[in-house]
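J.: If you want the building blocks of each chain, they are given just below.
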Amino acid sequence: MDKFSVFSARLVEKGEYFTSGHRACQGCAEALAVRLVMKALGRNTIVAMATGCMEIVSSPLPTTAWEVPWIHVAFENASAVISGCESGMKAMMRKGKLPPKKINFVAMGGDGATADIGMGQLSGALERGHDMIYVCYDNEAYMNTGIQRSSSTPWGASTTTSPAGKVSKGQYTQKKDMPKIAIAHNIPYVATACPSFPFDLMDKVEKAAAIEGPAYLHILSVCPTGWRIPSEEAIKYGRLAVNTCVFPLYEYEHGEYSLTYRPHPILPVREYIEGQGRFRHLGSEDIDSIQERTRMEYEKLVKLSEED
Amino acid sequence: MARPMDEIRWQDLEIGAAVSEHGSSSEYKTGTWRSLRPVVDKDQCIRCGVCWLYCPDVAIKQSEDGYFEADLEYCKGCGICARECPVGCISVVIEEF
Amino acid sequence: MAKERKGIEVSLAIAEAVGQADCDLISAYPITPQTHIVEHLSEMVADAHLDAEFVPVESEHSAMSVCCGAAAVGARTFTSTSSQGLALMAEIFFIASAMRLPVVMALANRSLSAPLSIWNDHSDTMMVRDGGWIHVFVENGQEAYDHVFWAFRVAEDPAVRLPVALNIDGFIMTHMIEPVDFEDDELIKRYIPEFRMEKPLHPDNPVSMGCFAMPEIYSEAQMTRERALVDSYATCVKAWEEWAAVTGRQYHPVETYRADDAEYCIVTMGSLGETAMAAVDELREQGEKVGVIKIRLWRPFPFDDLYRAAAGKHTLIVLDRAISFGGPGGPVALELRSALCNSPQAPVVVNYVAGLASRDVTVEDFKAIILGGKAKSAEGDVAGFTFYGLRG
Numbered sequence: 001m002d003k004f005s006v007f008s009a010r011l012v013e014k015g016e017y018f019t020s021g022h023r024a025c026q027g028c029a030e031a032l033a034v035r036l037v038m039k040a041l042g043r044n045t046i047v048a049m050a051t052g053c054m055e056i057v058s059s060p061l062p063t064t065a066w067e068v069p070w071i072h073v074a075f076e077n078a079s080a081v082i083s084g085c086e087s088g089m090k091a092m093m094r095k096g097k098l099p100p101k102k103i104n105f106v107a108m109g110g111d112g113a114t115a116d117i118g119m120g121q122l123s124g125a126l127e128r129g130h131d132m133i134y135v136c137y138d139n140e141a142y143m144n145t146g147i148q149r150s151s152s153t154p155w156g157a158s159t160t161t162s163p164a165g166k167v168s169k170g171q172y173t174q175k176k177d178m179p180k181i182a183i184a185h186n187i188p189y190v191a192t193a194c195p196s197f198p199f200d201l202m203d204k205v206e207k208a209a210a211i212e213g214p215a216y217l218h219i220l221s222v223c224p225t226g227w228r229i230p231s232e233e234a235i236k237y238g239r240l241a242v243n244t245c246v247f248p249l250y251e252y253e254h255g256e257y258s259l260t261y262r263p264h265p266i267l268p269v270r271e272y273i274e275g276q277g278r279f280r281h282l283g284s285e286d287i288d289s290i291q292e293r294t295r296m297e298y299e300k301l302v303k304l305s306e307e308d
Numbered sequence: 001m002a003r004p005m006d007e008i009r010w011q012d013l014e015i016g017a018a019v020s021e022h023g024s025s026s027e028y029k030t031g032t033w034r035s036l037r038p039v040v041d042k043d044q045c046i047r048c049g050v051c052w053l054y055c056p057d058v059a060i061k062q063s064e065d066g067y068f069e070a071d072l073e074y075c076k077g078c079g080i081c082a083r084e085c086p087v088g089c090i091s092v093v094i095e096e097f
Numbered sequence: 001m002a003k004e005r006k007g008i009e010v011s012l013a014i015a016e017a018v019g020q021a022d023c024d025l026i027s028a029y030p031i032t033p034q035t036h037i038v039e040h041l042s043e044m045v046a047d048a049h050l051d052a053e054f055v056p057v058e059s060e061h062s063a064m065s066v067c068c069g070a071a072a073v074g075a076r077t078f079t080s081t082s083s084q085g086l087a088l089m090a091e092i093f094f095i096a097s098a099m100r101l102p103v104v105m106a107l108a109n110r111s112l113s114a115p116l117s118i119w120n121d122h123s124d125t126m127m128v129r130d131g132g133w134i135h136v137f138v139e140n141g142q143e144a145y146d147h148v149f150w151a152f153r154v155a156e157d158p159a160v161r162l163p164v165a166l167n168i169d170g171f172i173m174t175h176m177i178e179p180v181d182f183e184d185d186e187l188i189k190r191y192i193p194e195f196r197m198e199k200p201l202h203p204d205n206p207v208s209m210g211c212f213a214m215p216e217i218y219s220e221a222q223m224t225r226e227r228a229l230v231d232s233y234a235t236c237v238k239a240w241e242e243w244a245a246v247t248g249r250q251y252h253p254v255e256t257y258r259a260d261d262a263e264y265c266i267v268t269m270g271s272l273g274e275t276a277m278a279a280v281d282e283l284r285e286q287g288e289k290v291g292v293i294k295i296r297l298w299r300p301f302p303f304d305d306l307y308r309a310a311a312g313k314h315t316l317i318v319l320d321r322a323i324s325f326g327g328p329g330g331p332v333a334l335e336l337r338s339a340l341c342n343s344p345q346a347p348v349v350v351n352y353v354a355g356l357a358s359r360d361v362t363v364e365d366f367k368a369i370i371l372g373g374k375a376k377s378a379e380g381d382v383a384g385f386t387f388y389g390l391r392g
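Chains as they are written, first to last, in the numbering used here: chain U, 1 to 308; chain Z, 1 to 97; chain S, 1 to 392.
Isolated chain U (complex conformation) (with noise of 0.2 Å):
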């Protein structure tokens, strides 16, 4: 709870459309973020799903974990299937087979969902304008199948697809920068959030619920069991990606950039990556190398933020 100055849990909505009983690991961080969102959204929602750890914990057969209307189709495809609840309903309330009703229409789906195979259809749908939010809880790898590396993996991560050996540092690419990629469709709002920090979260859900077309929301859901780090720090870690800025908290809104969450001190990325197995094999020469790009990254932001 930190860097807030007004503390207020006991105001949060109390009502719960996320519920227990759901089958994520401990500690998960993106069953949290789930329920945040979930509690900013209220009721009157309708989820699309993707194919990932989400929809397989909160949905074996014959029990669902949701309290809102929610529909799983297939993996790639939670963008352009809530694209049709909202044209549809759009069509049956304006011909009044439909009474009026606002409802928030979101998709929400895993990075690998979101930056690899579902990146088509989210384009499509985001240029189409649904009024529409996409939620892409991005926990850095596909872990429902095996914690296998997406194109949102960070460089020098070991995962079960890109692992750290002799002639190998782990993933050798660069996080795909999502967040831009829905900015460059000229959407109204986009922002970063990490359930670390819990009222920003919860905000930006509101605020993208509110504003009329398409909303994205990149949250950063720390995985213990991908991460390897034990399940009662996955909130810490979350909280030390922001504060090294290894994943800084911003909104796109209209077309002007602003940091939600200035960390002061930054801490040193180290911080971050010590105590994550994922890390664990990189020397000092990477950490710093990771350092001198985050800084790079968090100084081209503010820029863009104090540009406007």
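Take the hints with a grain of salt, since some may be wrong.
Residues from chain Z shown here face chain S by an in silico Cβ test under 10 Å; the list is partial [said to hold, decoys possible]:
hint: 1; residue: ARG9
hint: 2; residue: GLN11
hint: 3; residue: ASP12
hint: 4; residue: GLU14
hint: 5; residue: GLY23
hint: 6; residue: SER24
hint: 7; residue: TYR28
hint: 8; residue: LEU36
hint: 9; residue: ASP71
Hints are computed from structural coordinates only; laboratory data are not their basis.
Here a beta-carbon is modelled for each residue, glycine too, at the ideal position from N, C-alpha and C.
Since the structure of chain U is provided, determine the placement of chains Z and S on it from the hints.
T.: What follows is chains Z and S alone, placed relative to chain U:
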């Protein structure tokens, strides 16, 4: 109450294998996964609700006296509540069922 | 629209029918030869001739996904595709039927790559034969127009709730100008009442769709699909009877031509039926006891109708417009052999593959196929298939 999976006949399934009993996952008690159990020291607890807010499993409940406690039917024992408690009033102990 | 006869391109007649059906959402991606259908639908929406959402997606995979989302909220939903587009959407094609989402698709049949070919055969639809949809084949513009309404009527019936693929031969039908009797809007409205879906996605009554199944329950979920599709037969027939009652145009799962006393029947699906009938007329004049069996309803497979049509025939000569590579014949012949093998006095099934990628199958070709099939049957040369008209 959903029937156990291996008692369901095909005729019992809803159209398209949909599930209209929303929130029914709560019939599945994830508490059995637990190897560690959080214990709250009420003398220190300031009833802030941080543990409640950060619980990924919706397994912290507020009692009538305002204290927050783990619902052991669902608590998986991840330890986030203990780690995040601002006053350090939650400890984890080894679970013995 | 009032009742009238028009000369119209079949694609446009299909689009007009979707409009008369008061469809809520159309989502499609352009692919030849389906394009005229969706172009005309987008014009109708642009001109407020049809009050619907036209969702122009970036791929066929998305087209089917959008249709699934829209059908899940209870919207009347239509798409159209061909060939590679169907291949790309195949993943979601299977899911649509599993989730019992009553999407209607005009499938302008086209050959599959490679080599790339935009022309007509049935290799695309045979690829998704096992996808759990209702499949119907039509052979002219009137049938195509009529079956748009039939498709919505059957798909959305509470006893069915399955997607329907309306198979139309690409170019040979989609791009032909034909006379079509249009029905008036009131008649259509009575024939297909407003779609009221049981338990759609809506915040007032939250339901979860597309849940995950453990091995203990997957088989049961599959059985619900199988039974739904098999049981839809009754509604398919009833909907044809209702249509006949108001328009006078009667359709059947399996239709025959001069087949009652025939010893040899050519079996076709789709637009080649008319050419086959002309060939049979000529052969009859030569004294050959031949007839035509046309399969209109492909899924659910109309076993009893086939048994009735095949009863007493010496040989069925099946014309397939697709190949089951490495298998024992074309898909239609395979199914007929399988369906008939245990029936008493089962006719011999001889199989020809012809008409791939719109290569002409003329009246003369049909005559050669029928007489060739008769000869093969007499010689006992009935295994596998013959590639008709192949050079080399």
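J.: Checking each numbered hint in turn, tell me which of them this model violates, lowest number first.
T.: 7, 8 and 9
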